[in-house]
Amino acid sequence: MRRLFFVLPIVVFLALLAAMFWGLNSERDPGALPSMLIGKQAPVFSLPDLYDQGLVDEGVLADGTPKLLSFFASWCIPCLAEHPVLKSLANDRGINIIGVAWKNKADDAKGWLEKHGNPYQLTLHDLPGRTGIDWGVYGIPETFLVDGKGKVIFRHAGPLTPQILSKKLMPLLEGLGL
Amino acid sequence: MINEIGHFALVLALGLAIAQSLFSLWGAAKRDLTLMTIGRRAAYLQFFALALSFAALTNAFLVSDFSLAVVAENSHSAKPLLFKFAGVWGNHEGSILLWVLILALFGAAVSWFGQGLPVTLQARVIGVQGLIGLGFLAFIVGTSDPFLRVFPAPLDGRDLNPLLQDIGLAIHPPMLYLGYVGFSVAFAFAIAALLEGQVDAAWGRWVRPWTLVAWIFLTGGISLGSWWAYYELGWGGWWFWDPVENVSFMPWLTGTALLHSAIVVEKREALRSWTILLAILTFSLSLIGTFIVRSGLLTSVHAFAVDPERGVFILGLLAIAIGGSLILYAWRAPDMKGGGIFAPVSREGALLLNNLLLATAMATVFLGTLYPLIIEAINGAKISIGPPFYSQTFVPLMVPLLVAMGIGPLLPWKRGDLVKLAGRLKLVALMTAFVMAIVLWKDAGQLWPVFGIGLAAWVISTALVDLAGRLGLPKASLAVAWKRAGGLPRAAYGMALAHIGLAVAVIGMVGSSFWTEEFIGLMKSGDSQDLAGYHFQLEKMEAAEGPNYQARRAIVSVQDSGGNKYTMEPEQRFYPVRKQTTTEAAIRTTLWGDVYVTLGEVQKDGVVLRLAFRSMIPWLWFGALLLVLGGLLSLSDRRLRVAAPSKVSEA
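From first to last, the protein sequence lines are chains A and B.
For the first sequence, our numbering begins at 1 and goes up steadily by one.
For the second sequence, our numbering begins at 1001 and goes up steadily by one.
These are computed hints drawn from the structure, not numbers from a lab.
One or more hints might be untrue.
[What the hints assert, rightly or not] Under the rule of at most 30 Å between Cα atoms (straight-line distance), these lysine-lysine pairs were calculated in the BS3-like manner:
#1 A/K105 - B/K1267
#2 A/K115 - A/K105
#3 B/K1414 - A/K103
#4 B/K1579 - B/K1604
#5 A/K87 - A/K167
#6 B/K1382 - A/K168
#7 B/K1483 - A/K40
#8 B/K1267 - B/K1475
#9 A/K103 - B/K1420
#10 B/K1382 - B/K1267
#11 A/K40 - A/K168
#12 B/K1414 - B/K1267
#13 B/K1442 - B/K1414
#14 B/K1382 - A/K167
#15 A/K149 - A/K115
#16 A/K103 - B/K1579
#17 B/K1382 - A/K151
#18 A/K149 - B/K1382
#19 B/K1579 - A/K105
#20 B/K1565 - B/K1267
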C-alpha cells in the first residue's frame, strides 16, 4: 500500500506523456477554433447580389442542394491562393458555391472575379461586413459547408488547400452524395 | 573558419558528454578514483568545448555572417550591437545551445565546488548531468544545428523579432535558463541519492546552495519577463497566465517548496523521500517548460516556431529523463527510512504545510495549463482557461500560505507551544491591524485590498518580530542586540529579506489589481484629460528615426497634484524588415504607482492614447528584487559556502 504512493508520480507522468504525444500529431492545429455554428441552422441574412443588387436571404441555402459558402475579397491574398481549388470544385465536380464579397467594393470584387475566373453560382455582397460577423468570420478566406436544409456542417478558416480538401471536405461532400 | 571550429567543438562536446556520464557513473559503481577523475575532467572539457562553440556562434551574429541560416533568419546588419549579441539566444537553435552551455557550466561547477562531497556522490551527480547534456546535445546536433549554412548567403538578414529587441528580453532568457538548468543539479543530487540509497542531513545541506542558486536566477528571470511584458506589450498587465509564463512559474513553485523541505532534511532528516520527489519534479517541470515552448503544443504569444520533428525528439528525451527518474524513485524511495518525528505545531509542521500549499498551487497551475490539451485529447473539444480560473483556485491558496509563512519562522523545531506563539503574535496582530485600518481609511468601500495588504503586513511584521526575537529584543538592551546582530547567520537575514520581499510584491499585486485607474480615448493635439490626480495634455505628435525602425512619438505633458510638471514620450515603433510594430510605453515611477502612457492607433482626427495610473506596481518589482537579494544573502552564508564536513564518508 505504501509503495503505491511512490508509483503514483510515474503513472501521472505516463498519462501526461500520452496526452503530449497525441498533441504533437501533425493533423492537430493548436490555433484552430471550432465554429459555434456547426450543427445549427445558418444565421439569418439579407444581402444584395453583387451583380443585380437583388436581395437574397438565407432561404437560398435551404433549396435542397448542399452548398459551400465562401467569404472572399479582392484585397485578400490567401483568397487568390485558394481560388483554383474553388474553381475545380465548381467546374470539375459541379459543387454549388455561393461567394460572399466581404468588405469589398463592388467594382473591385467584380474586376477580381473577371480576372481570375468566377466559380460562384451566386455572388453576394457584404460591404459592411455584418453578415460575416454573424457567421463568426474572423479573417478571410473562410468557407462553410451547408447541407440542403440550411444546416451548417463544416467550417474552415483560412485558404482551402488540396490537403484540407481531400482530408476533410471531400469525405463530407461524398457523405452528402455529391 | 570560425564557424567550422564552433561546429567541431559542438560535436566534440557531445563526445565529452558521453565520456563524462560513462566514466563518472561507471567509476562510482566500481569505486574507481581514476575513472571518476576522468569523468570530472570531461565535465570541464565539455564546458570549454561548448563555450568555444557558443563564442563562435556569437561571433557570427556580431559580424553579421549571413551564411549561417540562423543568423540570416534572426539578425540584420543595421541592428544595434547589444541586440546582435542578444540575438544569439533570440531563436530556437541559439537558445538551446545556451541551454546546454549553462548545463555544462553547472556540471563544471559541481566538479569544481563539489570537491568536499563524498567522491561517489559527486561522481554520480556529474554523471547524471552528463546524461542530460548528452540528450540535449544529440538533440542539437540532430535537429537544431546552429551552424547550418545557407547558400548563397543572403545580402542581409530577416532581423530579430522587434518585440525581442529590448534590454529586458536580452537578459531574461539567460536568467531563466540559469534557473531552469540550475535545478538539474538538485535533480542530479536526487538521482545520485537514489542510486546510493542514502539521504541524510549532509545531503540536505549540499543540495541547498545549488537549489538556491537556481531559485535566485529563476526568480530574477520570471520577474524580468513579467517586467518586460509590463512595459513592452503596452497593456500594462504584468502576468497573463499564459502557458509559457505558467511553465516557468511551476518549477518556481516546486523549487521554492524544495528550498524549504531541504531545510527539514538538513535539520531533522525528515521529509526525505518527499524532498527527493520535489527535486525530480522541479527539474522535470523545467524540462516540460522547455518542451512546451518549443513544440507548439499549446498556443502562446511567446512560443518559438513550431516543428513537430523537434517536438517528438524532446518528448522522447522527456520520457527517458523524467520517466526514468520516476521509475527509479518508485523503486528506491520506499526503502528510505522515515526521519525525525515532529508535532503538527512546529517548525517542521509549518514547513510541511508550506510544501503542501506550494505543491497544490503548482498542481492548479499545471491543471490550468494542460487541461485544455487533455480535454482535447479525450473528446476533441477546444477549451481555453484564463485568469478567472486562477483567481478562483490559485489566489485562495496563497492566503493560508502567507499566514503560515508568517508563523513558521516563529515556531521552534519538533514541538511548538501555541500559548507562547500567541504571546509573540500580539505585536504582529497590532501592526497588521494598524496597516489594515490605514488601508480601510484610505480606500473605503473595498474589503479585498484591505485583506490582501493586511496579509502582507502580517508577513512583514512577523519577519521583523522574528528578527527582533533572535536579537533578544525586547528583553536585551539595544547594545546587546546590536552585538548579536553581527553574530546572526546571514541565512537568517536572507530569509527575513526574502519573506519581506514576497510580502512587498503582494502589496504591489493587490494594489495594481484594485486601485489602477485608466483612460483610453481619442485625443487631438491640445486635448487634456484628468486622471488619478494627474493632468495629462497631448502637446503634439512627432516622427522619429531609430537605427532599424521608424517611430511615431506623442509628447504628453503631465502635471501632478503637487504642481510638478514633466513630459512623457510614448512611442510606436515600426520595424520595416519584419513589418512589425511595437509599443514603447512611457512610464514614470513614483512611490505609490506608475504613471503609464501608451500610444495606440493613429486616426484621421487624432491618436488613441492610453493613460493610466498603475497603483503600487513599483512595489512588485522592488519585492522581486528583495526576493533575489534575500536569496543571495542566504547563499553567502558561511554554512552553505563551506561545503560542509564529511571527507569521512570517502573512506
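Going through the hints against the structure:
1. A/K105 - B/K1267: violated (77 Å)
2. A/K115 - A/K105: holds (16 Å)
3. B/K1414 - A/K103: Distance ~73 Å between B/K1414 and A/K103 Cα, so the pair is violated.
4. B/K1579 - B/K1604: Within the cut-off at roughly 22 Å; holds.
5. A/K87 - A/K167: holds (18 Å)
6. B/K1382 - A/K168: holds (18 Å)
7. B/K1483 - A/K40: violated (79 Å)
8. B/K1267 - B/K1475: Since the Cα atoms of B/K1267 and B/K1475 sit roughly 28 Å apart, the hinted pair holds (cutoff 30 Å).
9. A/K103 - B/K1420: violated (75 Å)
10. B/K1382 - B/K1267: The hint is violated at about 48 Å.
11. A/K40 - A/K168: holds (19 Å)
12. B/K1414 - B/K1267: holds (10 Å)
13. B/K1442 - B/K1414: violated (43 Å)
14. B/K1382 - A/K167: holds (20 Å)
15. A/K149 - A/K115: violated (33 Å)
16. A/K103 - B/K1579: Judged against 30 Å, a Cα distance of about 23 Å means the pair holds.
17. B/K1382 - A/K151: holds (22 Å)
18. A/K149 - B/K1382: holds (27 Å)
19. B/K1579 - A/K105: At roughly 26 Å apart (the allowed maximum being 30 Å), A/K105 and B/K1579 satisfy the hint.
20. B/K1565 - B/K1267: Not OK: B/K1565 and B/K1267 at ~57 Å, beyond 30 Å, violated.
When each numbered hint is compared with the structure, violations occur for hints 1, 3, 7, 9, 10, 13, 15, 20.
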